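Protein chains: 2
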Amino acid sequence: MEPWEEKNTWLGGGGEDSDIVISTRVRLARNIEGFSFSTKLNKKEAEGLVQTCQTRLIPLAKQEGWEWVALETLSPVSKQVLVERRLISRELKGKDLPTAVLHDPQATISLMIGEEDHLRLQVFRSGLALREAFETANRIDDQIAECLPLSFSHQYGFLTTCPTNTGTGMRVSVMLHLPALALTQKEIQKATNSMQEMGMTVRGPYGEGSQASGDLFQVSNQRTLGASELELIQSLENAVGTMILWERKLRKDLGESPTFLKDRVYRALGTLRGAHILSSSEALDLLSMLRLGRLFNLEGLPSHETWNRLFLLTQPGHLMENAGRELDPTERDLARARLVRKILSHPDDSLGTRP
Amino acid sequence: MEPWEEKNTWLGGGGEDSDIVISTRVRLARNIEGFSFSTKLNKKEAEGLVQTCQTRLIPLAKQEGWEWVALETLSPVSKQVLVERRLISRELKGKDLPTAVLHDPQATISLMIGEEDHLRLQVFRSGLALREAFETANRIDDQIAECLPLSFSHQYGFLTTCPTNTGTGMRVSVMLHLPALALTQKEIQKATNSMQEMGMTVRGPYGEGSQASGDLFQVSNQRTLGASELELIQSLENAVGTMILWERKLRKDLGESPTFLKDRVYRALGTLRGAHILSSSEALDLLSMLRLGRLFNLEGLPSHETWNRLFLLTQPGHLMENAGRELDPTERDLARARLVRKILSHPDDSLGTRP
Chain A
4 MEPWEEKNTW LGGGGEDSDI VISTRVRLAR NIEGFSFSTK LNKKEAEGLV
54 QTCQTRLIPL AKQEGWEWVA LETLSPVSKQ VLVERRLISR ELKGKDLPTA
104 VLHDPQATIS LMIGEEDHLR LQVFRSGLAL REAFETANRI DDQIAECLPL
154 SFSHQYGFLT TCPTNTGTGM RVSVMLHLPA LALTQKEIQK ATNSMQEMGM
204 TVRGPYGEGS QASGDLFQVS NQRTLGASEL ELIQSLENAV GTMILWERKL
254 RKDLGESPTF LKDRVYRALG TLRGAHILSS SEALDLLSML RLGRLFNLEG
304 LPSHETWNRL FLLTQPGHLM ENAGRELDPT ERDLARARLV RKILSHPDDS
354 LGTRP
Chain B
4 MEPWEEKNTW LGGGGEDSDI VISTRVRLAR NIEGFSFSTK LNKKEAEGLV
54 QTCQTRLIPL AKQEGWEWVA LETLSPVSKQ VLVERRLISR ELKGKDLPTA
104 VLHDPQATIS LMIGEEDHLR LQVFRSGLAL REAFETANRI DDQIAECLPL
154 SFSHQYGFLT TCPTNTGTGM RVSVMLHLPA LALTQKEIQK ATNSMQEMGM
204 TVRGPYGEGS QASGDLFQVS NQRTLGASEL ELIQSLENAV GTMILWERKL
254 RKDLGESPTF LKDRVYRALG TLRGAHILSS SEALDLLSML RLGRLFNLEG
304 LPSHETWNRL FLLTQPGHLM ENAGRELDPT ERDLARARLV RKILSHPDDS
354 LGTRP
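Protein chains in written order, with the working numbering: chain A, 4 to 358; chain B, 4 to 358.
Bound conformation, chain A alone (with noise of 0.2 Å):
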């Protein structure tokens, strides 16, 4: 089963305030006793821990029914599709030590061992489920300490590479699609100012050092040090109730601009159906107006689940996977313009209107 085909992958568009809350994510640091920090290993310890972790996780895996690949295993292709369905992050494609993800088939779990910290769990959820997903965070979590030994201060919680994740060494996040804030460029300045005066930061769609496009935002608590999870979660949940409640009472004004909303929406069907060369950011801001015109039940946009497919299908690693070779960003925008206007031509198969 393909992943936009998964109800419960985080891209399967359902989920609790789904019009606005793309996905939700809770990712927790965790090192292990005896091994130095990711940063000061050199190679030989890196396999060393990768080993450890393989032989001692196993049993959980097998339980759980998670797959594990080792990075080193993996072409360059393999591993950006990795980064685009979010099981491994951009540092950990990055680093040349061994390394390895554990993952669920539904991509809604993933353990990265080798990354910044010895172990990065993440947990993600379609829609707004922080408590939901910190549960299954909560409980994966307590798994793993059973299997290997965790750093851990009384004084000051979980041990981790870099000071900010200390403590609980959780960070929670969701991915927001803010097209009617941004379609009023000083608004999205303000909601992004206001997010951060609540102790938020605000990225792009894949993390750190990635740009804002496709009006999606994602927002994450900034501390982890003193404060409880749930306070975390709590806080998170704050400032998120607060950018939805902005969104909706813009997408409302939309609505009473139905020709304005229109000309967006179709202009962009439209480009997307007639570009030839077509990037990824591009490719984002455009599919960011077909979501909106569906939530306004406008006739003639792709379903949720072609939406999904559009926007995995496009990104670089998919685009290389699909064509079964390495394309330079030339080459990409071609095969994605290609793809793109395939998927769109289809109006009975793939624009949602088969029952």
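Rather than coming from a laboratory, the hints here were simulated on the basis of the structure. Bear in mind that the values here come from a model prediction, so they are computed numbers and not experimental data. Cβ atoms here follow ideal geometry from the backbone N, Cα and C, with glycine treated the same way. Please note that the accuracy of each hint is not assured.
Counterexamples of contact, computed for chain B against chain A with all Cβ distances above 12 Å [claimed, not checked]: (1) 19; (2) 59; (3) 81; (4) 147; (5) 162; (6) 187; (7) 326.
Using 16 Å as the maximum straight-line C-alpha spacing, the simulated EDC-like pairs for lysine to aspartate or glutamate come out as follows [stated by the list, open to error]: (8) 96/A to 67/A; (9) 43/B to 135/B; (10) 46/B to 107/B; (11) 345/A to 266/B; (12) 98/B to 118/B; (13) 345/B to 266/A.
Dock chain B against chain A, hints included.
Chain B in isolation, oriented as in the chain A frame:
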């Protein structure tokens, strides 16, 4: 018969070098003995002028099948339609005094009465046909001279209100479609400069004061004095010939980048099909790409006939005529988008796929 269906109109799409030269115009400025120049006329004198012309020219008009239109009987919308069909100038439309125009049903000949000069004769042809248009203008000029006493000095030639027109009183111009040059902003600047160096004036599609849009450029001779009509025609032919070679060279290059070409053309088609708000200048720019694509035999593009319909019917006056009332600019942008979507959404009817 609508103007875009008539092969003999300036917008017919035929004629020599019609891949680049949309149309040719020869204009003669003439004044009538016994009347002050137009700028000095009061209402009564202007009435007298129009009256005299009507009386004296009726036999000729009858013989040639021309229609007499007194402009004060027309609504502002109808006047604007005449401007867009190029039968009257924007200056004539703006006059407060009595004015008139005589024109043939195909809109290839128009004789304005009461413009900057008493008489302004225009002859239009589609494609490049300066000599043919000149011969027609010359023949009509002789016929007019038999009906009315024209102001002529053996020293200076035909006398005109503005000294820049004195002499031949002739301005020859062609409307060029230069999309390949315009796709490279630098090249179009070079081309414009080089035409000016050859003594040509470069304007937008609706003459003096109009912005270049749709990659359409009206090129005309700057001087009228001290050269014969045939010398003026020759110098414009030379300048236009240079432009034609230049544009064709760049189109050949474009043809070697078919993906780039298709990207521009089908994005334009997609945008025209999707837009719900469409300004006149954006419409012209997008239509320019469709015309270019059609010349490269790309599929699914409007025929020249449909293109001509789109070109004329999206002009403000034609939109208002179609709506049966005046429209403000915002209403026109909606009406224009609606009309374009309608015409482009019936490929069987309108896209020239009929035999």
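Compare the structure with the hints numbered earlier in the document and write down the numbers of the violated ones, lowest to highest. 8, 9, 10
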